[in-house]
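> Here the protein sequences come in this chain order: F and B. Okay, so the first sequence: first residue is 6 according to the working numbering, each after it adds one. Okay, so the second sequence: first residue is 2 according to the working numbering, each after it adds one.
Treat the hints with caution; some may be incorrect.
What the hints assert, rightly or not - Calculated lysine-lysine pairs in the BS3-like style (CA-CA distance at most 30 angstroms, straight line):
#, chain 1, residue 1, chain 2, residue 2
1, B, K69, F, K49
2, F, K23, F, K67
3, F, K49, F, K88
4, F, K23, B, K69
5, F, K32, B, K43
6, B, K2, F, K73
7, F, K14, B, K43
What the hints assert, rightly or not - If you want the ones that stay clear, here's a sample from chain B, every Cβ over 12 angstroms from chain F, calculated:
#, residue
8, L12
9, G17
10, L49
11, R56
12, N64
13, S66
14, K69
15, S70
16, R73
17, A80
18, D85
19, S86
20, L96
21, S102
22, T110
23, Q113
Please keep in mind that the hints were generated in silico from the structure rather than gathered at the bench. As the structure is a prediction and not an experimental result, all values here were calculated from the model. Here a beta-carbon is modelled for each residue, glycine too, at the ideal position from N, C-alpha and C.
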Amino acid sequence: GEEVAQTPKHLVRGEGQKAKLYCAPIKGHSYVFWYQQVLKNEFKFLISFQNENVFDETGMPKERFSAKCLPNSPCSLEIQATKLEDSAVYFCASSPYSPTGELFFGEGSRLTVL
Amino acid sequence: KQEVTQIPAALSVPEGENLVLNCSFTDSAIYNLQWFRQDPGKGLTSLLLIQSSQREQTSGRLNASLDKSSGRSTLYIAASQPGDSATYLCAVSPLNTGTASKLTFGTGTRLQVTL
Numbered sequence: 006g007e008e009v010a011q012t013p014k015h016l017v018r019g020e021g022q023k024a025k026l027y028c029a030p031i032k033g034h035s036y037v038f039w040y041q042q043v044l045k046n047e048f049k050f051l052i053s054f055q056n057e058n059v060f061d062e063t064g065m066p067k068e069r070f071s072a073k074c075l076p077n078s079p080c081s082l083e084i085q086a087t088k089l090e091d092s093a094v095y096f097c098a099s100s101p102y103s104p105t106g107e108l109f110f111g112e113g114s115r116l117t118v119l
Numbered sequence: 002k003q004e005v006t007q008i009p010a011a012l013s014v015p016e017g018e019n020l021v022l023n024c025s026f027t028d029s030a031i032y033n034l035q036w037f038r039q040d041p042g043k044g045l046t047s048l049l050l051i052q053s054s055q056r057e058q059t060s061g062r063l064n065a066s067l068d069k070s071s072g073r074s075t076l077y078i079a080a081s082q083p084g085d086s087a088t089y090l091c092a093v094s095p096l097n098t099g100t101a102s103k104l105t106f107g108t109g110t111r112l113q114v115t116l
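Throw the hints in and build the complete structure from the sequences for me.
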């Protein structure tokens, strides 16, 4: 598609439950990125992919967070055993040719952990 | 560790004014710098991308400059309009190719353009 599509828009989970977010990058874009916006303007990098391969995962909290980008499927970000501090808006972005190129962002998925 | 700061944090101007938003970063080893706008409840929209070798980029009423050695960038908006009201963020990409996809975002400037 022409836009980065993220689902769901809103997700509510009880502490300890699993959360899974999805992202369909723009068709033909090779790079996918996940960012977490915790407070209003605090963006934290989580992970990036080049096609289905992890490009940089240095921002991922390894214990509970995992992400995949499989061929012919939306990319996913999964949080096992959610904690209150995981409440945030999770943004997915894609870029056509380069990890340093112009980023196209989705509208985000708001996760609320109660 | 790279730190990116934006001044002012908030700005209110009457329609038609020209304005400047500032972005400063502590580590000059950057690959590029991007300016984004974020509307409430929405994702980020890329406005301008400046490579580290460039001094400025222009798109319509927007002009962004980059002074890498001093760690500064400015976004100039000419003849502001109410539709320009949004939060503006700058973000830098590190020079290290292995982590070049890891943008560090600024704190943002919330702009309101009044009628």
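> Are the hints correct? Go through all of them and say.
A quick look at each hint next to the structure:
no., hint, verdict
1, K69/B to K49/F, "holds (23 angstroms)"
2, K23/F to K67/F, "holds (15 angstroms)"
3, K49/F to K88/F, "holds (17 angstroms)"
4, K23/F to K69/B, "violated (43 angstroms)"
5, K32/F to K43/B, "holds (21 angstroms)"
6, K2/B to K73/F, "holds (27 angstroms)"
7, K14/F to K43/B, "holds (11 angstroms)"
8, L12, "holds (14 angstroms)"
9, G17, "holds (27 angstroms)"
10, L49, "violated (9 angstroms)"
11, R56, "holds (18 angstroms)"
12, N64, "holds (17 angstroms)"
13, S66, "holds (18 angstroms)"
14, K69, "holds (15 angstroms)"
15, S70, "holds (20 angstroms)"
16, R73, "holds (19 angstroms)"
17, A80, "holds (25 angstroms)"
18, D85, "holds (18 angstroms)"
19, S86, "holds (16 angstroms)"
20, L96, "violated (10 angstroms)"
21, S102, "violated (4 angstroms)"
22, T110, "violated (9 angstroms)"
23, Q113, "holds (15 angstroms)"
The structure does not agree with the numbered hints 4, 10, 20, 21 and 22 stated previously, though it agrees with the rest.
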